[in-house]
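Protein chains in written order, with my numbering: chain A, 2 to 661; chain B, 93 to 246; chain C, 5 to 190.
FYI, nobody ran anything at the bench for these hints, they're computed from the structure. The structure displayed is predicted, hence computed values, not measured ones. Hints may be right or wrong, so weigh each one.
[Stated by the list, open to error] The list that follows gives simulated cross-link-like pairs (lysine-lysine, DSS-like), each with its CA atoms no further than 30 angstroms apart:
1) 51/C - 184/C
2) 384/A - 177/B
3) 184/C - 177/B
4) 51/C - 384/A
5) 343/A - 636/A
6) 185/C - 51/C
7) 51/C - 177/B
8) 185/C - 177/B
[Stated by the list, open to error] Far from chain C, by Cβ distances over 12 angstroms, these chain A residues were calculated:
9) 54
10) 401
11) 478
12) 520
[What the hints assert, rightly or not] Just the calculated beta-carbon pair ranges, DEER-fashion:
13) 178/C - 529/A: 56 to 64 angstroms
14) 184/C - 240/A: 49 to 57 angstroms
15) 142/B - 627/A: 58 to 66 angstroms
16) 84/A - 76/C: 42 to 50 angstroms
17) 443/A - 20/C: 44 to 52 angstroms
18) 158/B - 240/A: 39 to 47 angstroms
19) 105/B - 641/A: 43 to 51 angstroms
20) 16/C - 84/A: 56 to 64 angstroms
21) 34/C - 435/A: 48 to 56 angstroms
22) 34/C - 641/A: 51 to 59 angstroms
23) 50/C - 529/A: 51 to 59 angstroms
Positions of the beta carbon are idealized from the N, C-alpha and C atoms, including for glycine.
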Amino acid sequence: MIAEAGLALLWFAAALALLQLFASVMTLVGGQSEAEMGGVVRPAAIMQGPLVALSFLMLMWLFIRTDLSVLLVASNSHSAKPFIFKLAGTWGNHEGSMLLWVTVMAMSGSLVALVERRLPERTMIATLAAQAFVSLGFYAFLLFSSNPFERLATPVPEGNGLNPLLQDIGLAFHPPTLYIGYVGLSVAFSFAVGALLTREVGPAFARAMRPWVLGSWIFLTIGITAGSYWAYYELGWGGWWFWDPVENASLMPWLAATALLHSASVLASRDALRTWTIMLGVVAFSMSMVGTFLVRSGILTSVHAFAVDPERGSFILALLAIYIGGALALFGARASTVNEGKQFSLVSREAGLVFNNVALSAILGIVLLGTLYPLLTEAFDTKVSVGPPYFNPVGAIFALPMIVVMAIGPLLRWRRDSFDRIAKVLILPAVLTAGVIVGAVVLAPGIGLLPLLGLALSIGLGIASLLPLLGRNLLRTPLATWGMVLGHFGLAVALFGMASESAFSTERLVAAEIGDTVEVGPWSIELVGIDPVAGPNWTALEANINARYEGGDPISLHPQSRNFTQPPMTTSESALSTRWNGQLYAVVGEEGLDGRWQLRLWWKPFVPLIWIGGLIVALGGALALLGRLLGDMRKAHQVRRIAQRREDNPLHGAAPEPAE
Amino acid sequence: MSTALKPKHQRLVLVILALVVLIGAALLAIWGLRGQASYFYVPSDIASDPPEPGRAVRLGGMVQQGSIQTLADGVTVAFVVGDGKATVPVRYTGITPDLFVEGSGVVADGRLDADGTFVADSLLAKHDENYMPRELEEMSEAQAKAVVAETTAQ
Amino acid sequence: MSGTEKKPGKRWAIWLPLVLFGVFFVLVMNGLVRPANRDIESAMVGKMLPEFTLPAGVDERPGLATDDFRQGEVRLLNVFASWCVPCAAEAPQLDELARAGVPIDGVAIRDRTQDIARFLARYGNPFATIGKDDISEVQLGIGSSGVPETFVIDGTGTIRYQHIGPIMERDVQIILSEVKKAQTPL
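Working from the sequences, and respecting the hints, build out all of it.
Next comes the structure, spelled out in structure tokens:
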């Protein structure tokens, strides 16, 4: 019954989306007055969120109860699974994750219909029309090609989903985080399309869109940071970013959202960059869909035919063509009729943000091209793979100048400024940057160009990013400014970690006998012994290592080489020792024929700053979002009070208190 | 200097600058891809038309039976990769991946050195990809391996 | 200073994103229509099976040896394992092939008898014989690099066709036609 109810709710929500689309289109083009049909649009949008959420909860309930008459549960769950993984099993598969996608989308649609009252009603209806149009495609995808509630003719005695590989807490919560980020951008997309339809592109539009972009961007930032640390920690390869298509799929929407965030802030405060902001609004969500599609369809990551499901792939591709192609065609047709907005000087905060946008777009293009290049050459029957030798230098050509502008931009005034005014405060970061370059070349002559520049610029940016707070009353500084400062500072911190990891990591790969001592960086590492240990479905050989930092007290580390039985495979469990100035990373390999053990050791100075920096960036985003929301609420409150007073005053004037 | 320009011209300058940068990015990307993308070779390709030594390429094939040898330093392995028609000697320094055994498929990233030995920077054993369940599709190879590693089931 | 003037010179640039997306679309379409084949194909297609004898994988089915493939009958050799998720996915298609009258022999890779039995109980048993290959000797000998893979063997013991990955619904007809082809000797 629950499965049928869940499916019925989905159909109901889809019907409401159809109604929402129909009513809004009638209002926009059919000459219907806003009062007649327009009144239906918002309630239809608001209803959908709870309906789909309820449907998602029902699927969750089916998983919790392990209802084996439902195909999805039977093939992905098992009654003996721990509770938390039964729960996570709901979205740990194709159908469930698409339902999660639609749930987030419908909830966003509800929220935007419920709270957004600042835009002209016509623009709002156009926005909700776009949201309904996009939702309908995904409802159709869910209902016609990925029904999560499909029943089995005969229930199976036990589920198929006890695969321990999938019982991982990171796997359980990483995709939802990214999905919230991806799908939140759909609201920005709808706003952009709505604004294009009604040609109402202005500060009000940017202010309405901004919290959605900020929110999505925060989730994307957290998702990418967590994913990177997870890969670093679990993998045993010592790297933290592999330029894998799946990683790129999450990076590309982030780059677009970052650009959109900045251009929306120009539009909101200065009414400039109108067309550009619209285009980024379309591109950001397009990147989410393209990324998801590339991963889902398996055309980039496939290693075996079964990864590719042509029917579903074609369905998503058709959706992409309709939405992205349609939005870009609308953009082409309408954008030239949108006023360009206000002018600004070449030296101004706007110009700085334009530079940032151009650089981010360039990086986005470079990542996209690099990700798709294997597909391009495949069309000509040549197999290639694209990796760090391409992405790192080519991306850095745009990333490094962008960081310079990041340091300067926030100090500039809107509209027009001169370098003379800010030159004085910039002396300190500039001198430090130059100092680091000179110092590093003298002290560490072998340092690579990119790490050198990264190191120097991260110091410069770190200082410069704090300068906007200079001479301000810190308690009265708006939260949004704090957010910007923290966001930029976090990026400097992360950059310092990346550059330091790349410049100063030392690595030792040795075959050690028990009792041997190995030096790596400031550490001396003694292999004390190798012991067998066993877990629930694995056995492992665990190295017992004593690590001393500069001759200090020994720290005991236990990297493992694990053997699983089902399926049979061997994995390396790394062991980490974190200090304030870096991490020791130890991996044990196999035993050689001569009884020596392979040990792979890294000393990575300041590497944790990469992820700490990422979290600071996300925190900055959260502060900025909080600041904007509080500001909006205060403004709404004021507007209401003024309206109240107007309402009260005439009353006072018209009906004076009767004399006694 | 900028103040001498009319605002309208300043915008034109910005637009042109932006276009130049973006076109520059495209050209740079194409140049970078031509130079840095690593092509996929099987041993018979290497036999018939070897890549220039030092150029990053990918080699895929089967590890030949009886060919894996660990060198004296204990961390370098030498083996032979074949595809049924030709073979290439490979050397790799590092901890070999899961299921890297004789007879398994392997994909190696690296380069050919002057004497015709393929020096691998990283190895990917092919076996483990075959039972990658659907749910792991959405993860990168790195993450998928990580999940496997984290399997300390409750 | 809100400029209301249009810039005709810039108009073509506005269509650029759409054009770029068009290129992307064509590219992906192409990738989707012809899924990239990154499998390692066996060099053994067209050659004789190597000599092998495998013990029985489960009690109720006999084991498997090369001679079983030289009886003049086209057979399928399915490389599988109970721990292999895609192998479960292809079970209905194997059943379908068995019902179509094609004898199927299984080779279970690095597996345990009780696990194989449980796997067969859950997903059905289309196999005429099941051999247990604990060291992947047969798998490697016939040029298979993973599980599942399925080989069409003709009546003389020659490998005629290799299917890599699980047999999906759309593959059944392809395999049946390969079986038919294998009935006429080379």
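Evaluation of the provided hints:
Distance check on the hinted pair: residue 51/C and residue 184/C sit about 18 angstroms apart at the alpha-carbon level, within 30 angstroms; holds. Taking the CA atoms of residue 384/A and residue 177/B, the gap is about 19 angstroms. The hint holds against a cut of 30 angstroms. Distance hint between residue 184/C and residue 177/B is fulfilled; the C-alpha atoms sit about 29 angstroms from each other, no more than 30 angstroms. Proximity of residue 51/C to residue 384/A is assessed by CA-CA distance (about 28 angstroms); at most 30 angstroms being required, the pair is judged to hold.
Our distance criterion of 30 angstroms between C-alpha atoms is met by residue 343/A and residue 636/A, whose separation comes to about 24 angstroms. Restraint check: the Cα-Cα separation between residue 185/C and residue 51/C comes to about 16 angstroms, which is no more than 30 angstroms; the hinted pair holds. Taking the CA atoms of residue 51/C and residue 177/B, the gap is about 14 angstroms. The hint holds against a cut of 30 angstroms. Restraint check for residue 185/C and residue 177/B: satisfied, since their Cα atoms lie roughly 26 angstroms apart, inside the 30 angstroms limit.
The beta carbon of residue 54/A is kept farther than 12 angstroms from every beta carbon of chain C, the shortest such distance being approximately 31 angstroms. Every beta carbon of chain C lies more than 12 angstroms from that of residue 401/A, the smallest distance being close to 25 angstroms; the non-interface claim holds. Non-interface call for residue 478/A relative to chain C: holds, since the shortest CB-CB distance, roughly 30 angstroms, exceeds 12 angstroms. The claim that residue 520/A is not at the interface with chain C holds, since no C-beta of that chain comes within 12 angstroms of its own (minimum 40 angstroms).
At roughly 57 angstroms, the beta carbons of residue 178/C and residue 529/A sit within the given window of 56 to 64 angstroms. Checked against the hint of 49 to 57 angstroms, the C-beta distance between residue 184/C and residue 240/A comes to roughly 50 angstroms, which is consistent with it. Here the CB-CB span from residue 142/B to residue 627/A is close to 60 angstroms, well matched to the stated 58 to 66 angstroms. A beta carbon spacing of about 57 angstroms between residue 84/A and residue 76/C contradicts the range 42 to 50 angstroms that was offered as a hint.
Taken as a hint, the range 44 to 52 angstroms holds for the pair residue 443/A and residue 20/C, whose Cβ atoms sit roughly 47 angstroms apart. For residue 158/B and residue 240/A, the hinted distance range of 39 to 47 angstroms is not satisfied, since their beta carbons lie about 32 angstroms from each other. Hint check: residue 105/B to residue 641/A, Cβ distance near 45 angstroms, so the stated range 43 to 51 angstroms holds. Between residue 16/C and residue 84/A the Cβ separation comes to about 58 angstroms, which falls inside the hinted range of 56 to 64 angstroms.
Here the CB-CB span from residue 34/C to residue 435/A is close to 50 angstroms, well matched to the stated 48 to 56 angstroms. For the hinted restraint 51 to 59 angstroms between residue 34/C and residue 641/A, the CB-CB distance of approximately 57 angstroms keeps it satisfied. In this structure, residue 50/C and residue 529/A meet the distance hint of 51 to 59 angstroms, their C-beta atoms being roughly 55 angstroms apart.
When held up to the earlier numbered hints, the structure conflicts with 16, 18 and fits the remainder.
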